[in-house]
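Novice: These are the residues of each chain, in order.
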Amino acid sequence: MEILVCARRVPDTSENEIEVNSAGNDIERDDLVYSVNEADNYAVEEALQIVAKQGGNVTVVTVGNEDDEEILRREMAMGANRAALISDEAFCGSDGKGIATILKAYVEKNHYDLILTGVQAEDGGAQVGGMLAAMLDYPFASLVNSIQVVDSKKLKISREIESGNREVSEIDLPCVLAIQTGINEPRYVGMKGIRQVASIDIPTFGLSELGVDAASVGEAGARVKRTDYFVPAAGKGAEILQGKREEIVDKLIELLRAKGGLK
Amino acid sequence: MSRIFAYIPQKSGVPDDAATELVAVAKKIDSRASPTAILIGFGPEIDAACTSLRDSYAEIWRVANESLAYPNAELVRKALVDVLPAGCILLLPHNHFGIDLSPGLSIKMNVTYVSDVVNIEGTDGTFLNLVRQEFGGQISAHVRCDISSGAVLNIRPGAFKPQEIPALNGQVVDKSAAVGALPSKRRFVETIVAEAGDVDISKEPVLVSIGRGIQEKDNVAIAQELADAMGAVVSCSRPVVDAKWLEKCRQVGSSGKTVKPKIYMACGISGSFQHLAGIKGSPFLVAINKNPKAPIFQVADIGIIDDLLEFLPELTNRIRESVSSHR
Chain A
824 MEILVCARRV
834 PDTSENEIEV
844 NSAGNDIERD
854 DLVYSVNEAD
864 NYAVEEALQI
874 VAKQGGNVTV
884 VTVGNEDDEE
894 ILRREMAMGA
904 NRAALISDEA
914 FCGSDGKGIA
924 TILKAYVEKN
934 HYDLILTGVQ
944 AEDGGAQVGG
954 MLAAMLDYPF
964 ASLVNSIQVV
974 DSKKLKISRE
984 IESGNREVSE
994 IDLPCVLAIQ
1004 TGINEPRYVG
1014 MKGIRQVASI
1024 DIPTFGLSEL
1034 GVDAASVGEA
1044 GARVKRTDYF
1054 VPAAGKGAEI
1064 LQGKREEIVD
1074 KLIELLRAKG
1084 GLK
Chain B
15 MSRIFAYIPQ
25 KSGVPDDAAT
35 ELVAVAKKID
45 SRASPTAILI
55 GFGPEIDAAC
65 TSLRDSYAEI
75 WRVANESLAY
85 PNAELVRKAL
95 VDVLPAGCIL
105 LLPHNHFGID
115 LSPGLSIKMN
125 VTYVSDVVNI
135 EGTDGTFLNL
145 VRQEFGGQIS
155 AHVRCDISSG
165 AVLNIRPGAF
175 KPQEIPALNG
185 QVVDKSAAVG
195 ALPSKRRFVE
205 TIVAEAGDVD
215 ISKEPVLVSI
225 GRGIQEKDNV
235 AIAQELADAM
245 GAVVSCSRPV
255 VDAKWLEKCR
265 QVGSSGKTVK
275 PKIYMACGIS
285 GSFQHLAGIK
295 GSPFLVAINK
305 NPKAPIFQVA
315 DIGIIDDLLE
325 FLPELTNRIR
335 ESVSSHR
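Protein chains in written order, with my numbering: chain A, 824 to 1086; chain B, 15 to 341.
Quick caveat, the hints were computed from the structure, so don't treat them as lab data.
Straight-line alpha carbon distances no greater than 27 Å define the calculated DSSO-like cross-link-like pairs of lysine-lysine that follow:
1) B:K41 with A:K1048
2) A:K1082 with B:K304
3) A:K979 with B:K262
Pairwise CB distance ranges, derived in the manner of DEER restraints:
4) B:E335 with A:A1081: 16 to 24 Å
5) B:P58 with A:R1010: 46 to 54 Å
6) B:A62 with A:E1069: 57 to 65 Å
7) B:G211 with A:R1080: 27 to 35 Å
8) B:E324 with A:V1054: 22 to 30 Å
9) B:K217 with A:R1080: 17 to 25 Å
10) A:L855 with B:G136: 27 to 35 Å
11) B:P306 with A:A1021: 37 to 45 Å
Glycine is no exception: its CB is placed at the ideal position from the N, C-alpha and C atoms.
Please model the entire structure based on the sequences and the hints provided.
Specialist: Below is the structure:
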């Protein structure tokens, strides 16, 4: 099975406090730690597990710039055997539909049985996978938390719905699935693995190679634009307990006892 | 101004809570708007749901089709494309169904799409200014989108106060005949109900709840010791279940359990809206987090800015001491 995984490099929120920059037009990017978007990493692991059973290839693709190559190498160190960087000045400022338009052009130059994305990026709209599927006229499912290959023409999948329940469906190939976190246990990638793929040449594709209409992507094609970032006005907010840790502990115990929280 | 529609999910004939919230959203886009509800389903269920919306909507479009008895987003998408007029604005709740349906729907309708909208700031008829959140609610963004040729907007459940309006005694209009052949590349098989698990956190009065801040599996014991000392039960947020450190039955949130405790101790939980959506009944909420900007501090009653791996053991010890001294 030929599987494409669309991945993104994002600021890692478990490592950073995200703040608005002084101009208010972006987040403060100095000293940010970046990593592969969490759900995308689960998607790569799922693709690797399918190929391990069924045979085939896993290609990881990202739309970005040369800085984003590091996540392609990381996913290759995990086991993806191919990677592609899609990069062009004309792609800067694309909205979700613009990114889906670019990926559609890339998919049409190749052949994939299955396309996976992460369900959502930290700064994203959970939208590119569903848009890409609609553009390709492929069936789509989001919040996918299990995949079972039935035969060469279809999969049995489940989606996460409310209250921890799962919705089971059959879906025809080729299709696009947006993968939910927790679907598997992504393998560990060590420094040694990263070093082994450090010198592999990763092909880059731009506007002309993909044959994308410049007016449909980038700033020019974007119908949705972020104008600025701001910190929401805090509500009432918590009463922050101050003092030494022992004092805070005693104060908290007093409060918990008053509220009936201690046996 | 474009005509505004609100897609209202229904379950067993009961419309989703989004119904009155989406009226408020439509009024915020255009104060004179009288949005039209659109319901899709089959049999007595859809009729009951349409009838119960007659107070809130002046017009209710009913789309009944046996193939749509279960809300399969792939089929509903095609039905909506067949039924909706060009250039309209469609509002939907940003839940598991809206996430599945809407991005592709916006492509098929060739309109603008924005997900997880938390506020509407106004429109000049061509551009709509709205608010989204990013990075788990740590920061917000103003977004300007072109709605001149229509839009699909997914609205965060609970972000808008339901609109109070006098009962409208609305008309139900049947639009079932507009639906053509439906695709079948994705076929619903069954719903698997979550396993009950060894504990029912939805009935527990005191929860010690842990998130990503617990850092590793071995540290779960720190929370369990505190819970034991308090006579509480351990629950968690999504990352803890994703990492397989606790069972799914202990997850609080929109994709987990809804809890109604008296006391909720959020330890190393940032406070995403999906997590908060699972906490009902206004418990006394204590947040312990080393990131002072964590959104959980905006909703907590009491905040403690500290490393939970050091704070929790000290709290546990003091509780044990004070319990024995109280005896």
